[in-house]
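Peer 1: Residue numbers (numbering that gives the first Met the number 0), protein chains in the order written: chain F, 0 to 350; chain U, 0 to 350; chain P, 0 to 350; chain L, 0 to 350; chain E, 0 to 350.
Don't take each hint at face value.
The list treats identical chains as interchangeable, and a pair is accepted whether it falls inside one copy or across any two copies.
As the list claims (entries may be wrong) - Calculated cross-link-like contacts (lysine-lysine; reagent style DSS-like; alpha-carbon spacing at most 30 Å):
1) 158 <-> 131
2) 131 <-> 285
3) 161 <-> 150
4) 158 <-> 73
5) 209 <-> 285
If you're looking for bench data, these hints aren't it; they were derived computationally from the structure.
Residue strings, one per chain:
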Amino acid sequence: MSRKSRSKRTAHKRGLPPESLVYTGHRKEAPATIHAVLYNDATFESIDQFVDIQADKTLWLDIRNLSDTNLIAKTGEIFHIHPLALEDVLNTQQRAKLEEFDNGLFFIVPHLKIDPDNLEFESEQISFFAGKNFIISFQEDPDDSFEQVRKRLEEGLGKIRKKSADYLMYAMLDTIVDGYYGVMDTLEHEVMSIEESLHTNGVHQLAKAKIFKLKRLLSEVKHRILPLREAVTRYYRSDSDIIDQSNRLYFRDLVDHVAQILDSLDSERDMLANMEAFYQAEAANKLNHVMRFLTIISTIFIPLSFIAGIYGMNFDNMPELHTQSGYFILLGVMFAVMVGMLGWFRHKKWI
Amino acid sequence: MSRKSRSKRTAHKRGLPPESLVYTGHRKEAPATIHAVLYNDATFESIDQFVDIQADKTLWLDIRNLSDTNLIAKTGEIFHIHPLALEDVLNTQQRAKLEEFDNGLFFIVPHLKIDPDNLEFESEQISFFAGKNFIISFQEDPDDSFEQVRKRLEEGLGKIRKKSADYLMYAMLDTIVDGYYGVMDTLEHEVMSIEESLHTNGVHQLAKAKIFKLKRLLSEVKHRILPLREAVTRYYRSDSDIIDQSNRLYFRDLVDHVAQILDSLDSERDMLANMEAFYQAEAANKLNHVMRFLTIISTIFIPLSFIAGIYGMNFDNMPELHTQSGYFILLGVMFAVMVGMLGWFRHKKWI
Amino acid sequence: MSRKSRSKRTAHKRGLPPESLVYTGHRKEAPATIHAVLYNDATFESIDQFVDIQADKTLWLDIRNLSDTNLIAKTGEIFHIHPLALEDVLNTQQRAKLEEFDNGLFFIVPHLKIDPDNLEFESEQISFFAGKNFIISFQEDPDDSFEQVRKRLEEGLGKIRKKSADYLMYAMLDTIVDGYYGVMDTLEHEVMSIEESLHTNGVHQLAKAKIFKLKRLLSEVKHRILPLREAVTRYYRSDSDIIDQSNRLYFRDLVDHVAQILDSLDSERDMLANMEAFYQAEAANKLNHVMRFLTIISTIFIPLSFIAGIYGMNFDNMPELHTQSGYFILLGVMFAVMVGMLGWFRHKKWI
Amino acid sequence: MSRKSRSKRTAHKRGLPPESLVYTGHRKEAPATIHAVLYNDATFESIDQFVDIQADKTLWLDIRNLSDTNLIAKTGEIFHIHPLALEDVLNTQQRAKLEEFDNGLFFIVPHLKIDPDNLEFESEQISFFAGKNFIISFQEDPDDSFEQVRKRLEEGLGKIRKKSADYLMYAMLDTIVDGYYGVMDTLEHEVMSIEESLHTNGVHQLAKAKIFKLKRLLSEVKHRILPLREAVTRYYRSDSDIIDQSNRLYFRDLVDHVAQILDSLDSERDMLANMEAFYQAEAANKLNHVMRFLTIISTIFIPLSFIAGIYGMNFDNMPELHTQSGYFILLGVMFAVMVGMLGWFRHKKWI
Amino acid sequence: MSRKSRSKRTAHKRGLPPESLVYTGHRKEAPATIHAVLYNDATFESIDQFVDIQADKTLWLDIRNLSDTNLIAKTGEIFHIHPLALEDVLNTQQRAKLEEFDNGLFFIVPHLKIDPDNLEFESEQISFFAGKNFIISFQEDPDDSFEQVRKRLEEGLGKIRKKSADYLMYAMLDTIVDGYYGVMDTLEHEVMSIEESLHTNGVHQLAKAKIFKLKRLLSEVKHRILPLREAVTRYYRSDSDIIDQSNRLYFRDLVDHVAQILDSLDSERDMLANMEAFYQAEAANKLNHVMRFLTIISTIFIPLSFIAGIYGMNFDNMPELHTQSGYFILLGVMFAVMVGMLGWFRHKKWI
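Take these sequences, add in the hints, and give me the full structure.
Peer 2: What follows is the structure in structure tokens.
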């Protein structure tokens, strides 16, 4: 389940000295793999091991699956990544953040995916360490989230190979933020389908359960994305010399996309809150109808039954019983009472 | 329906490299059209094709219907509009924003319209690229939203032809903001009509459905206009040399109008929340009345029926049955019980 | 009704070019009047027409009733008031604001009045244009809101004639803010009277209706006064040379008064929210009582009636019917059942 | 009652020119008294009349009971207190505030007391005017709130006589803030006692009434103390030369205490809101139980009564009535129905 | 109980002059103990009494159990701790805070523990005074909260002995913050277990009670940790020369952890609020079901009983009674009515 490891150091981590490298996630099946790419405008090389930084090329080192802590430690040593950053790489389910170190920027971003069928929601932690001329990405999952980016690099599509390392960074972040749009699409689609079902089928159990499930999902997604806005904004405003001035516009665009997603989230939350209130009002309304119906039936027949009960008594001396038309008169009276009652209910707008 | 394309990249857009030009809206019937206007204090020309910028004249280039992405790309090339801005022009249903580029300001504003009959609400995205001496406007719809402005330009009414390009920008934004006042008028009118109907007809289904519909509409309108406040304020405060110092007052006025509309929106929301609470209290009140009525009827007749049931039993030895006046005494007792009960209910203020 | 023209440009205004002078209010019976006052420490003149600014005297020009747009336009021309400010003077039901122009400060303040009998609430827009040595006030209503100030000027009471024009401005604003205290007094009095009635008479329809009415009134008053705080604060902090340094303390005092009124408003809103919750809890409580009573009566008599029904059956062979004391034994059993039930209800604390 | 004069100018004050001295409180029995204290490290003098400021001594002038406006006016004249400050001294039930004047600091603080028995809450306004070398305190009540401070001064306890006038100011403010702790203790005690009673006695009327009373009290106390935080913070940060640098730490401590009290207030409000929700859930729960009980009893006996009613009919030809064991079979059937129903209810977990 | 001494000066403290040293906690069994540690990269000494500061070593003085106020006073004298700080050391249940003094930083942090079995929550106040080269820690409890840190010091694990005193400070704060993760784990586990039980067992009393208990716990924990964020942030940003520039990253990491815990707290609160709403909707739903069932049963049998009652009357002249098949026809009619009713309820989707 997605919630199991939400935002905490697991028990075996606590009590250790700070900066201890312990992987707290639960994706351990596959071994860690290294994917290095060296490129500039003219060349493109792909090597599956550690590669040295080269002055005239951009290096993208991609490490997938974090269970091999030694590999992470070794990466840290080679590229001089601060132990606290390394600790955060392994300590998955962190909130999104940007941290500036002397020799680079450290970025943590959650990669969100949602299964449209059962609405199970998954968060993969992706960390970046961006230095002069190189970017190291750490993906929690063994499968590649940046296939599209890799392809564009390899085939030299767009301007990605003409630009410096921070444009690569932007391309990868853009891919992740695109994924958020996908999550939002799924959630918006669900919200709309509930709304329609509320209007066609009326209030029913299923709608209620789904409203609550979606409220929870939206709340979780929001808690994930909210810190990202601050992180991206700080990246965009950072005066680190790692960021090329000409690429700032791209990061501003990213800030804008995240803001737009958060806007949509709030909008959907409003929608759901509105639906919930509608559901409650509708349920209360239904109870009112049921009670009114009970009251009408009871109020008509309880007095009539009483009258019938009177003439069912066995007193010796009940003169009415012995009249020729007493029974028929009584039936008439009962009918009149019933009609009168119905008229009165109509007058009170109960029927 | 207006909600279908709310604030998202559609599926065919995701996965493409950034800066790809894909139109995400759904208004494709008519072909794109170009409307150029060149004017200064003395002259006015209207040409339906691309026109070069001229030092002594202001150029307003208006492009309507965005389905022809090649035309948009070509416009971008001619006027050096940044690819990210072009992408946003086509990516409709964006939030309002202002972005400064080296060679101009880029403005996205939603143009809101509401159908007063069925309260269907529509949002057309209008983008502006304002450079030195020229303004390019991109309208999503094929019909002209700026007819009034065009007329004033053509006939030289007011000071519009005496002022620089940014006053034209102001005139167009003012037209759009005027449209918001129209939307607010419609919504305020609806809110007031519900309020009146609540006070005259009491609580009814229709009112409830309308309260929820209006809450949703207000929430959507607010989500559209809120980012505009920030955008207009930033325009007003921008130190770009494209903005003429003497025209700043006009933009301050615009900021003020947007703030006033948002104020009204909040005020209407308060109103609706208050009505919703009133509706609920009233419904609970009605349930109370119904239950009290049921209780009174039941409490009076259930015991009386029991008494009648007693004397309807067939025991051989029931002395009361054989007395001369037993029946009449019992009727008296029943009547006394009924009166006593009614008195007690009156005492408890239930009737 | 006060709500009719709340915060909007009316329909005939929309579509016009900006800066068009159209009066949007609805007070048109009386003709506009001009009241000019020229004074310094030694002299006081009152003239009912336009007067020129004089270096050694302070000019207060008061224009009442705004239906004559030509007069407003003429005033604007004589005193060089910016067209946007003039537009706002006529466009009543604006939010409070302060705008700085090159030649003066423009202030819009709502003057609130409330009728204590029917709680009808009225807002008159008063605008000020304060320049070096002169103040022009525009009152929407034909009657004078500043009679007291005029008297103090005429009789030379206090230091008002010894001080510069901005002290006059302060005196007028103080009069308006004093009016807010009056509105608050009325509302507080109403809130307290509901509270008392809730504690003495319990929950009743009237209280509920009044709670909702007051909630609405407080919300409206708050929406009016809230923007004023910002406006007065900006006046107090403005570095315009129109404001005499020695008079700043008075404006700080004004800021303080507005803050205090907003505090009171919040306090009253809390009070009403608390009462509303109390009302609801009380109503739920009452329903509980009614239902419990119904349940007790039903639970006692429905089983007893069933027993009586059994012995009212006409089977040939029902041995109990033919015993000598069957009837009396049954009555005893019924009585025992009733007492047992009552004991059980008492045990469950239902009675 | 404490609420009567909450935060407003009373009616006789409105309409007067600003800076008029009118006492708006209601404590008029005793005459105003003056208590002057002159001290330095070595000496201590106590005189009950006006005293001149002396360069080498600190003067504390304490004026109690504010009904004598002439005395206040005279004090203002002697010590050059600004008329606006004097107005605020007399205009009781002000919000806490700090105002800087050229010749001193003006401080208004509410002194809160609560009667633990009936939870009646009282607010006395205490004002301070702190100049170089002297402090003037205005107490609304005739009894001394600063007895402890006076004693410490007289007996030379602690460092109070070694420090400058602003330490005296601190000592007095600390006394007042200590009083807030007392109010909080009383309220916390009440909140805890309700909580305990809710858990032992369940939901009852008394608890509800007390929850609402406490919510109101907490709201009132918060409205009083909230502005004080800002005032004390501004004092602490003020660069007035009246404040001795070495004493700033004490004012920082005061800021901290006020923040802590506001924290506690919020915490208690959360507590009460939680209890209120608990109360409501519990009441709804109780209603559910009652209704379920009614439903069970009704559902069992209404059909059985119907069956008995059938065999109570007087048709000539009802074969069952004439069988030997019909009655007993029917009793058996009825018993079986009852048992079946009970089983079904148990299955549905209603009993 | 944990709540008893929440955030207040106890009664015996009020009324005393400021800076009086009175211990307000309730842990008095054990005598106070002193644990001094002197270390540098090469050496480690542990002495159980006061030790002088040495230029080339770091001194950590740990004082446990605060009941001996003389010892605290003596510590203050030796290390020149400001009396206000000492007062706060003893005045337990303070909010977290950082205060800068001339000769050091004073830090108050709550150490939270929770008993996972009965969810009893305890807060121990730990204070630090950090000067150049030394740290003094005051633990309210006699048992050591920093055993792990002491061990790492003693055994020279990690870089703790290579770094200056503020790294020790960090190590201790990190230990406390780790404890918060533990509290969060317990609370998250409880929230998840309620959620599961809600989905498997449906709505029940126990769940409700636990939801309210957890809401209260989360609220208390939040009130404790919230001020810590500000304190740690101010530490991180402080320009005091006590903080080694190279260690700032560690404190930034701490800020991040506290923010993450607060995030989790908010997330859990959302969760609980969602569950509470679900619980209420579910309970209302259940009531609806019960009422509908009652209504169905009553509506079917009350009219049928009435018909039976009619034919149980004893009128002499009731022709139907004497027909051969009247009884059977009536039974048929009754059956038809019953079936009709059921069909109608089905049509209305009540069954």
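Peer 1: All the hints need checking, so say for each whether the structure fits it.
Peer 2: Outcome of the hint check:
Taking the shortest alpha-carbon separations for residue 158 and residue 131, both the intra-copy value of 19 Å and the inter-copy value of 28 Å come in at or below 30 Å. When the C-alpha separation of residue 131 and residue 285 is checked against a cutoff of 30 Å, the pair qualifies neither within a copy, at 66 Å, nor between copies, at 63 Å. Taking CA atoms no more than 30 Å apart as the test, residue 161 paired with residue 150 passes inside one copy only; the shortest distance there is 15 Å, against 47 Å between copies. With identical chains, the CA atoms of residue 158 and residue 73 are at most 30 Å apart between copies only, with a shortest distance of 19 Å across copies and 32 Å within one.
In the homo-oligomer, the alpha carbons of residue 209 and residue 285 lie at most 30 Å apart both inside one protomer (20 Å) and across protomers (18 Å), since each shortest distance falls under that limit.
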